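Asks: Position chain B relative to chain A; hints supplied.
As given, the protein sequences belong to chains A and B, one line each in that order.
Residue numbers for the first sequence follow my numbering, beginning at 116 and rising by one.
Residue numbers for the second sequence follow my numbering, beginning at -17 and rising by one.
Worth flagging that the hints you see were computed from the coordinates, not collected in a lab.
Treat the hints loosely; a few may be bogus.
[As the list claims (entries may be wrong)] Lysine to aspartate or glutamate pairs mimicking EDC-like chemistry, simulated, CA-CA at most 16 Å apart:
| # | chain 1 | residue 1 | chain 2 | residue 2 |
| --- | --- | --- | --- | --- |
| 1 | A | K230 | A | D206 |
| 2 | B | K70 | B | E25 |
| 3 | B | K104 | B | E199 |
| 4 | B | K111 | B | E199 |
| 5 | B | K70 | B | D54 |
| 6 | B | K110 | B | D220 |
| 7 | A | K166 | A | E123 |
| 8 | A | K230 | B | E199 |
| 9 | B | K164 | B | E174 |
| 10 | A | K166 | B | E42 |
| 11 | B | K104 | B | E82 |
| 12 | A | K166 | B | D390 |
| 13 | A | K166 | B | E25 |
| 14 | A | K230 | B | D389 |
| 15 | B | K70 | B | E233 |
[Said to hold, decoys possible] In silico negatives: residues of chain B with every beta carbon more than 12 Å from chain A:
| # | residue |
| --- | --- |
| 16 | E25 |
| 17 | P33 |
| 18 | D60 |
| 19 | N67 |
| 20 | V78 |
| 21 | E85 |
| 22 | Q86 |
| 23 | P103 |
| 24 | T118 |
| 25 | T159 |
| 26 | D220 |
| 27 | S313 |
| 28 | N332 |
| 29 | I336 |
| 30 | R350 |
| 31 | S366 |
[To be verified] With beta-carbon atoms standing in for the labels, derived distance ranges:
| # | chain 1 | residue 1 | chain 2 | residue 2 | range |
| --- | --- | --- | --- | --- | --- |
| 32 | A | T228 | B | V78 | 53 to 61 Å |
| 33 | A | C129 | B | R185 | 21 to 29 Å |
| 34 | B | S127 | A | G130 | 48 to 56 Å |
As the structure is a computational prediction, the values presented were derived from the model and not from experiment.
Note that CB positions come from ideal geometry on N, CA and C, so glycine has one too.
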Amino acid sequence: MNRVYVNEQVCMGCGLCQVYCQAEHSMSKDIIKAFNRDLLRPLPGLRVERKGPVCFPVQCQHCDEAWCVYSCLTGAMHRDMATGAVVVDRDRCVGCWTCIVACPYGALVRNTTAKVVAKCDLCPEREVPVCVANCPNEALMVGEDRCGSPNWDCHRVEGGTEAG
Amino acid sequence: MMANRQAIGTEYLIIGNSAGAIGAAEALREVDRHGVLTMVSDEPYPAYCRPLLAKYLAGERTVDEMLFRPADFYAQNDITLLSGNRVKRLELDSRVAHLESGEQITWNKLLLATGGVPIVPKMGGVDKKGVFTFLTLEDAQAIASFARNAGRAVVVGGGLIGISVTEALTKLGIGVTIVEMKDRVLNTILDEEASSIAEENLRQAGVAVITNHTVSEISGQAFTEGVVLDSGEGIPCDLVVIAIGVLPRTELTLNTEIRVNRGIVVDLYMSTSYPGVYSCGDAAEAYDFVYAANRVTPIWLNAYIGGRIAGHNMAGIRTEYRGGTTMNALSYFGLDIAAAGAVTPSDETNCEVISRRQDGIYRKVVLRDDVVTGMVFVREIEKSGIVFGLMRDRTNVSSFKQGLLADDFGLAYFPEELRRERLRTPGSGVGSRSAALGEVERLVSGE
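For reference, chain A alone in the conformation it holds in the complex (with noise of 0.2 Å):
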């Protein structure tokens, strides 16, 4: 499964990759367009964190055990068993945000408007997700995950493999 990967010590913190996610989750896609004259500018799936010398953006781990899911009241946000990511499913999330409270990365945003929540879907019509191919530090990568996530939930103590 891909996830977004980010060296901190390339990022400077421009915001790009904010900029095209938004743009590329806004109706018209063109980056004018979806912040000058679209009536909904799309919320961006990531966040850029800066505090001092220290910038970098966060967005969905597309963990393993992705507390998000497990907490979804509904079953709104799942793992797309054909790629791997965690998505949402906007028509059965009803903005309850149990999965915002869920997510050690606050990788998850409020859409208040709507009542959905918000979030990294990996650009799904791409081959390269926006926020890596335009950012001009390459300071994202995007690639397999073979670290595996942190077991939030639980650890195997003995015998058998992991599942899923």
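Replies: Chain B only, in chain A's frame:
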């Protein structure tokens, strides 16, 4: 007398069909694709989202729109669902479940995901028409049909269920009075400050809130005409919803060796005191890491994860539960609140409270020995998950605790090593790009 029909044999028997049961079934199927899996539920539907009952009652969701899993979930996962059927009795030593329909099921591994039952106090008039509980789809359907001719309602209990049914009834144009026994609404999950914000928000939405009182009697003839408070005051109404709490549903453990305290006691493998029998969810009393003790925490997330742990263990993958605690996201009458753990410190000596309130935004963390043990976020809740993650991981936050409530709080506040671990940044240090590429397969970077 000999059994007049042959027992159904199953490898795994799950009693229940809500969050815990589904969590277990999904975990079982991750490990064991083919072991025979049977689920029995007294509710005659596929699993549905209990927290959406208020949306159903308000007319915002149909039953089809509140199913917890796609319609083909049971078929896809080779699960036999016996819905609308109740397990009457268990014979643990011979591993036989007796169903109300007369059928018998023999199991190899059993999960009791039986959920909870609403507490209904012994008070006069509780059997009148127009008195309901609010836990099942059947309850919501009954209230929905009764509410068409109702103008005023009293909700007994100002907890989560009480507030959610209040919102639904308000949307239907029914005037609601909440009667809460304690001195504030949502007192089991919020601190005083957040409770007062929530209460003010309820009043602004036109809800009457009466605290420090109980309903001692429901008045009327066949139909409800009002309630009488312990003060003697009467409140006219034609609908009463009793929402004072839920008790673990443990009746199947009666006269068995399964240990029950408040709920069915389970160890870190979600196993009961009887080998081969597991439990999870609202029925169970599992480990709470904030209290360092077993507690009943009737929370959807804990039910699902507890079920997941149980499922893995039932399928033979020994998996340890790291414990859960109370965790709630509330979004009622336009007010968003996130709360978890012990929001009011019990032991002042080791505890530290950091809080901030401005412009209606309230944030608070409770620390014990520099580990987060409780949190409340009102209105601005986006960062609550990061704090809850630290709480779950029992991370020592001494070096950045003052930043926990900052507007821009985030992973940037973490010590670098902790942040790298969280973000699973490939490699470390400046110039580690090539090392990073070695660790991550198929990395694609920008042009």
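Asks: Could you tell me which of the hints above the structure violates, numbers in ascending order?
Replies: Those not satisfied are hints 5, 8, 10, 11, 13, 14, 17, 27, 31 and 33.
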